[in-house]
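*Asks:* Dock chain C against the given chain W, drawing on the hints supplied.
There are 2 protein chains.
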Amino acid sequence: MTDLQEMGRRALAGKQMLQKLTAQERNGALFRAADRLVERAEEILTANEKDMEAARSHGMNEGLQDRLKLTKERICAMAEGLRQIAGLPDCIGEVMEEFERPNGLKIAKIRVPMGVIGIIYEARPNVTADAFGLCFKTGSAVILKGGSDALASNMAVVKVLREAVEECGILGDVLQLIADTDRKVTVEFMKLKEYVDLLIPRGSAGLIQSVVENSTIPVIETGTGNCHVYVDRDADLDMAAKIIYNAKTQRIGVCNACESLVIHKDVREAFLPKLKEILESPKVELRGDERVREILPQCIPATEEDYGREYLDYILSLKTVDTLEEAIGHINKYNTKHSECIVTENPEAAEKFLNEVDAACVYWNVSTRFTDGFEFGFGAEIGISTQKLHARGPMGLKEITSYKYVIRGNGQVRP
Amino acid sequence: MTDLQEMGRRALAGKQMLQKLTAQERNGALFRAADRLVERAEEILTANEKDMEAARSHGMNEGLQDRLKLTKERICAMAEGLRQIAGLPDCIGEVMEEFERPNGLKIAKIRVPMGVIGIIYEARPNVTADAFGLCFKTGSAVILKGGSDALASNMAVVKVLREAVEECGILGDVLQLIADTDRKVTVEFMKLKEYVDLLIPRGSAGLIQSVVENSTIPVIETGTGNCHVYVDRDADLDMAAKIIYNAKTQRIGVCNACESLVIHKDVREAFLPKLKEILESPKVELRGDERVREILPQCIPATEEDYGREYLDYILSLKTVDTLEEAIGHINKYNTKHSECIVTENPEAAEKFLNEVDAACVYWNVSTRFTDGFEFGFGAEIGISTQKLHARGPMGLKEITSYKYVIRGNGQVRP
Numbered sequence: 001m002t003d004l005q006e007m008g009r010r011a012l013a014g015k016q017m018l019q020k021l022t023a024q025e026r027n028g029a030l031f032r033a034a035d036r037l038v039e040r041a042e043e044i045l046t047a048n049e050k051d052m053e054a055a056r057s058h059g060m061n062e063g064l065q066d067r068l069k070l071t072k073e074r075i076c077a078m079a080e081g082l083r084q085i086a087g088l089p090d091c092i093g094e095v096m097e098e099f100e101r102p103n104g105l106k107i108a109k110i111r112v113p114m115g116v117i118g119i120i121y122e123a124r125p126n127v128t129a130d131a132f133g134l135c136f137k138t139g140s141a142v143i144l145k146g147g148s149d150a151l152a153s154n155m156a157v158v159k160v161l162r163e164a165v166e167e168c169g170i171l172g173d174v175l176q177l178i179a180d181t182d183r184k185v186t187v188e189f190m191k192l193k194e195y196v197d198l199l200i201p202r203g204s205a206g207l208i209q210s211v212v213e214n215s216t217i218p219v220i221e222t223g224t225g226n227c228h229v230y231v232d233r234d235a236d237l238d239m240a241a242k243i244i245y246n247a248k249t250q251r252i253g254v255c256n257a258c259e260s261l262v263i264h265k266d267v268r269e270a271f272l273p274k275l276k277e278i279l280e281s282p283k284v285e286l287r288g289d290e291r292v293r294e295i296l297p298q299c300i301p302a303t304e305e306d307y308g309r310e311y312l313d314y315i316l317s318l319k320t321v322d323t324l325e326e327a328i329g330h331i332n333k334y335n336t337k338h339s340e341c342i343v344t345e346n347p348e349a350a351e352k353f354l355n356e357v358d359a360a361c362v363y364w365n366v367s368t369r370f371t372d373g374f375e376f377g378f379g380a381e382i383g384i385s386t387q388k389l390h391a392r393g394p395m396g397l398k399e400i401t402s403y404k405y406v407i408r409g410n411g412q413v414r415p
Numbered sequence: 001m002t003d004l005q006e007m008g009r010r011a012l013a014g015k016q017m018l019q020k021l022t023a024q025e026r027n028g029a030l031f032r033a034a035d036r037l038v039e040r041a042e043e044i045l046t047a048n049e050k051d052m053e054a055a056r057s058h059g060m061n062e063g064l065q066d067r068l069k070l071t072k073e074r075i076c077a078m079a080e081g082l083r084q085i086a087g088l089p090d091c092i093g094e095v096m097e098e099f100e101r102p103n104g105l106k107i108a109k110i111r112v113p114m115g116v117i118g119i120i121y122e123a124r125p126n127v128t129a130d131a132f133g134l135c136f137k138t139g140s141a142v143i144l145k146g147g148s149d150a151l152a153s154n155m156a157v158v159k160v161l162r163e164a165v166e167e168c169g170i171l172g173d174v175l176q177l178i179a180d181t182d183r184k185v186t187v188e189f190m191k192l193k194e195y196v197d198l199l200i201p202r203g204s205a206g207l208i209q210s211v212v213e214n215s216t217i218p219v220i221e222t223g224t225g226n227c228h229v230y231v232d233r234d235a236d237l238d239m240a241a242k243i244i245y246n247a248k249t250q251r252i253g254v255c256n257a258c259e260s261l262v263i264h265k266d267v268r269e270a271f272l273p274k275l276k277e278i279l280e281s282p283k284v285e286l287r288g289d290e291r292v293r294e295i296l297p298q299c300i301p302a303t304e305e306d307y308g309r310e311y312l313d314y315i316l317s318l319k320t321v322d323t324l325e326e327a328i329g330h331i332n333k334y335n336t337k338h339s340e341c342i343v344t345e346n347p348e349a350a351e352k353f354l355n356e357v358d359a360a361c362v363y364w365n366v367s368t369r370f371t372d373g374f375e376f377g378f379g380a381e382i383g384i385s386t387q388k389l390h391a392r393g394p395m396g397l398k399e400i401t402s403y404k405y406v407i408r409g410n411g412q413v414r415p
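Residue numbers (the working numbering), protein chains in the order written: chain W, 1 to 415; chain C, 1 to 415.
Just chain W, same shape as in the assembly:
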């Protein structure tokens, strides 16, 4: 049985040590870790082969097997990811604000590490190195709980990374893996509030739901995206077609893909036949309301449930609206507060949409696929937050830090 309390104490010691390191020291260890991953790739591949064998014998589907599989190239990509993180600017210690009070108190708001971060994720061993890199870079210790299917791979990756940081004189406990497949341990981990400052679930909606329900640690929810494109009465229809094609088909399994088209009634006739044509290849199944089916009779009727679905598949729901207000109302009712787009040439309509739609990212004449830490120029991404607390939208390095107030005086007391 995993002793989570002991892991918590070790993480705390790791965090306290990390806090005393300079940015150069942290970056040096990240480069070292990257080198060791490549040098010890065989060891990791051997472990991964065990996971793959078990997966095949359990009849895991091919898509999941592909996510689980490591190759020399994929390990090199993991190492390259760590090098890129090391190369990013350091944000720890940044003075975010500074002010002086009339009584002479000098108050500075300083960016500090989060402390100890917990990450619960599913069977993708590349997340192991990535999550370590982002937390380590920002001075936080991390406790990982990966998917059971990837346990051997994750243990091998963690062993290499820990030994690399230890070579640099740093406690290996800045990175710990819960090597236990008992679900009870995972639930207990979600309550390790005394030691863990932030818990991030990465994976399916079911995983995220379970973390939200069980955790007493503050959580950042990531990743569910029921994203809409609204084609306004004043849209450039060629642009609208291009945007929907990209948002729907460029990569279907991601959270910033478009799942639903909302269309102003006045442009149905001009737009829907064109849309049907461009969504022939790759073939996208259309599910629309009655007014869509007047124009596209072959279209499957959409149910209420369709409008709430994140398909992650070659399926698109369609909804006709009479007004911009109705479009905004529909989107605010069904969306997951992730990414929403209006296509229009009318600046007033655009500004109303951008202001009133409640989502992390609101787009005017841009594909929703840009909701991404790299596309935003953050240089890294730990996930896309769909909650409003702490971080919203793409989360880079700064989004997994905290702050403290440092107050300097000369004996001030409160009157």
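By construction, these hints were calculated from the structure, which means they are not laboratory data. As the structure is a computational prediction, the values presented were derived from the model and not from experiment. Take the hints with a grain of salt, since some may be wrong.
Covered stretches of chain W, going by a simulated chain C footprint (3 or more residues, C-beta under 8 Å) [to be verified]: (1) 12 to 20; (2) 209 to 223; (3) 229 to 243; (4) 265 to 275; (5) 357 to 367; (6) 382 to 389; (7) 401 to 408.
Only pairs whose alpha carbons sit at most 25 Å apart, straight line, appear in this in silico SDA-like list of lysine to any residue [to be verified]: (8) C:Lys106 <-> W:Thr249; (9) W:Lys106 <-> C:Lys106; (10) C:Lys109 <-> W:Glu348; (11) C:Lys193 <-> W:Val212; (12) C:Lys191 <-> W:Pro415; (13) W:Lys109 <-> C:Asn410; (14) W:Lys72 <-> W:Glu100; (15) W:Lys193 <-> C:Asn355; (16) W:Lys184 <-> C:Thr22; (17) W:Lys352 <-> C:Asn27; (18) C:Lys276 <-> C:Pro301; (19) W:Lys333 <-> C:Thr22; (20) C:Lys242 <-> W:Glu348; (21) W:Lys274 <-> C:Arg414; (22) C:Lys333 <-> W:Met7.
Glycine included, each C-beta is placed from N, C-alpha and C at the ideal position.
*Replies:* Quick look at chain C alone, frame taken from chain W:
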């Protein structure tokens, strides 16, 4: 039985309406609400008298009765609080960051209302107006759950406030009170995640604990403060005495009061007799370790449990350390990450302490009593956050807002 789903839907409608108002319109409604509180004070006092009668017949202690009691003056103070909030600068719509990507995307990070905020608090009816004011000012609808003992008072205050905003043409549902004393309803409220974006508990450690354990809504924990003052080897001992006297005795029942003194062994002899003398009036009970008791034999022995206590009383624990490192280790072990102070004339020792102690506010030669939204110049305060997510330390208006990314383009798609 309270229909929380229906309250959630109403709050959503309220929030959507609030979002379309200008800052002037919101401030106007706050001034109106302040006026109506004063004009209708009798109505509120009559309701409060009911609560007071019930409290007396239940034998509520005098301290709690005093917190529950309203007077004409206290209602005027509540109104004045609303006017002050109305007079503060508006932060909604603020452009927090703005940048352009190489592909021409213009990305702006804009401050937006949190949405719907839930506040669970104990028997202080003045919090009712205050919480409404802070949320309304920042464009959020609020659902309040106050203490049962104050139910009649809270209902009266909420009625006046709702009618005042309705006079301004705003939906009264921007402010709702759960008028139900069934604990099950409170627990269900903590799970109203579909509608509520943030839940803030204000009150005892027990209340906060219950919210953290039951809520699926993101929570900001407030208010528990086991705050330390560390008297370093290089301290100005007169300053140290003045700071501890202030931090311990100026107001004992507050979270930023000092609960524990950590003292370097080399200054024990010079400092402790002086400390004992100044803490004679008001009389503070001292509980110290063996090395403290060598100097102050009458001092009560401190137990392990003492070092973890937030007394909120005329009691101070004392701990002797050999080094600055030991002081930092002791504080990081026992503190609640609230407010911590070092008294020293040695800048190196100070910087080490400020850097390594993990707390929302770290002080050098300043009383811990300054951890307060007003003392920080925020003009308002909704609580002191002791967690690291979203907001840390004193929370003013900005700390109960969120942000969204607004992305403007001209047809960009992801390659």
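*Asks:* If you check each hint against the structure, which ones fail?
*Replies:* 4, 9, 12, 13, 14, 16 and 20
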